[in-house]
Amino acid sequence: MNKKIILVTGGQRSGKSELSEKLALENSDTPVYVATAHVADDEFRERVRIHQNRRGCNWTTIEEEIELSRHNLSGKTAVIDCVTMWVTNVFFKNGEDVKVSLDILKKEFDRFTSNKAVYIFVSNEIGSGGVAPNALTRKFTDLQGWFNQYIASRADEVYLTVSGIPLKIK
Amino acid sequence: MNKKIILVTGGQRSGKSELSEKLALENSDTPVYVATAHVADDEFRERVRIHQNRRGCNWTTIEEEIELSRHNLSGKTAVIDCVTMWVTNVFFKNGEDVKVSLDILKKEFDRFTSNKAVYIFVSNEIGSGGVAPNALTRKFTDLQGWFNQYIASRADEVYLTVSGIPLKIK
Amino acid sequence: MNKKIILVTGGQRSGKSELSEKLALENSDTPVYVATAHVADDEFRERVRIHQNRRGCNWTTIEEEIELSRHNLSGKTAVIDCVTMWVTNVFFKNGEDVKVSLDILKKEFDRFTSNKAVYIFVSNEIGSGGVAPNALTRKFTDLQGWFNQYIASRADEVYLTVSGIPLKIK
Numbered sequence: 001m002n003k004k005i006i007l008v009t010g011g012q013r014s015g016k017s018e019l020s021e022k023l024a025l026e027n028s029d030t031p032v033y034v035a036t037a038h039v040a041d042d043e044f045r046e047r048v049r050i051h052q053n054r055r056g057c058n059w060t061t062i063e064e065e066i067e068l069s070r071h072n073l074s075g076k077t078a079v080i081d082c083v084t085m086w087v088t089n090v091f092f093k094n095g096e097d098v099k100v101s102l103d104i105l106k107k108e109f110d111r112f113t114s115n116k117a118v119y120i121f122v123s124n125e126i127g128s129g130g131v132a133p134n135a136l137t138r139k140f141t142d143l144q145g146w147f148n149q150y151i152a153s154r155a156d157e158v159y160l161t162v163s164g165i166p167l168k169i170k
Numbered sequence: 001m002n003k004k005i006i007l008v009t010g011g012q013r014s015g016k017s018e019l020s021e022k023l024a025l026e027n028s029d030t031p032v033y034v035a036t037a038h039v040a041d042d043e044f045r046e047r048v049r050i051h052q053n054r055r056g057c058n059w060t061t062i063e064e065e066i067e068l069s070r071h072n073l074s075g076k077t078a079v080i081d082c083v084t085m086w087v088t089n090v091f092f093k094n095g096e097d098v099k100v101s102l103d104i105l106k107k108e109f110d111r112f113t114s115n116k117a118v119y120i121f122v123s124n125e126i127g128s129g130g131v132a133p134n135a136l137t138r139k140f141t142d143l144q145g146w147f148n149q150y151i152a153s154r155a156d157e158v159y160l161t162v163s164g165i166p167l168k169i170k
Numbered sequence: 001m002n003k004k005i006i007l008v009t010g011g012q013r014s015g016k017s018e019l020s021e022k023l024a025l026e027n028s029d030t031p032v033y034v035a036t037a038h039v040a041d042d043e044f045r046e047r048v049r050i051h052q053n054r055r056g057c058n059w060t061t062i063e064e065e066i067e068l069s070r071h072n073l074s075g076k077t078a079v080i081d082c083v084t085m086w087v088t089n090v091f092f093k094n095g096e097d098v099k100v101s102l103d104i105l106k107k108e109f110d111r112f113t114s115n116k117a118v119y120i121f122v123s124n125e126i127g128s129g130g131v132a133p134n135a136l137t138r139k140f141t142d143l144q145g146w147f148n149q150y151i152a153s154r155a156d157e158v159y160l161t162v163s164g165i166p167l168k169i170k
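Protein chains in written order, with the numbering used here: chain A, 1 to 170; chain F, 1 to 170; chain Z, 1 to 170.
The list cannot tell twin chains apart, which means a pair is met if one copy fits it or any two copies do.
Quick list of in silico lysine to any residue cross-link-like pairs, SDA-like style, CA-CA up to 25 Å:
| id | residue 1 | residue 2 |
| --- | --- | --- |
| 1 | 139 | 85 |
| 2 | 107 | 71 |
| 3 | 139 | 95 |
| 4 | 139 | 52 |
| 5 | 139 | 89 |
| 6 | 107 | 37 |
| 7 | 3 | 62 |
| 8 | 170 | 153 |
| 9 | 99 | 43 |
Calculated from the structure, these hints are not laboratory results.
Produce the complete structure using the sequences and hints provided.
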């Protein structure tokens, strides 16, 4: 098995997860789902449940909010859903410092993807709605954008989803 | 006349209406304009006026906020402007319930588009600006995104407009 | 040298400036950087500094917040970074009037780009995050969107950047 990195990005409810799961099942009958969300409230738990119901029981789920590289996925096909939650967790754990967080994320990404596996990262486009009114959101938007660029530059394939339609942009 | 469903989506002021009207006039000299907006204030009335002035007097206008299927457009070419307003009206009429609203919208869509006509739906990309601070907006973003995916999956052609440039993505 | 107008648009932190600077250096060893930002606070000054550090010392910088046409760039290759700041400055100088501002911007644009030069405009996609809660932001979104359409219609090339990947859309 060769190593392969795929990035699926797009707006909210644009079909990113569905595409990622489809791509995973084309590669493997028993894919791994890496859930990065910190499940903090009922609204979010409901979103998680909807996603889980769509996936079948042939999926293995790993919950990992920050240190993805603790998991060696050699030979596996994994969907990492999603980068935005991972970035959020690292950002808040590191005093909302963009520079420090970006550095940690890049290193973790490199370590995590060093094994031969198929990695399908799901991320969000969040910077096309105008400048946010508060500085914290602006900092997060910077961090998310820069890290998306980093992943895309290392990815073999990048997809942008629009209204459920995947556009292969790399 | 064969049935044809077209979706034109994009951000605010990206040229969606202009493209839709152009596509309509390529199909018919006497197109129908289905206005879904609930005209609630002067700011909105002004937007309506600008759109109407751009269209000529060869257009027939139907105002319909919710029940589009009441209108049989057999043999016609129609621009439905816009899906976002239609979704808004259904959402608020149904207690801001995403599941109920989505179900109603899908059924109405199927019923409305069951006749042989050219349907050009104008919708909005609203999920690329980061997560909204309030739950109601997040619910609406879910609903809009899922319904856009539904329309796109049934459409023969889908266009994304960016800075006035149409990208044919299906 | 032939006249050439290029528009680079995209979300925040999507790689617009990097692409623009790359395109400029393909055209010229000594490009001009037209900075339109009104540097009002420390957060912004920091962003300016990051951009300046990335560019080398072979760049000439012109600071011009409003009247771009005062500068004759005949024979030069220039990056105008960014349209959104320019629009902001004109908007607030003219009583937040969309119609008046759009008219001024179009005339300034035509005058500024009347000389034989390579003009690379950097702008922002800001209308894909849902409708803003306040009227001023909605007016600005209209103005930015309409002016982006104007520039794109006059441009020889238009690029949309997504996660650092340039998509040539015209």
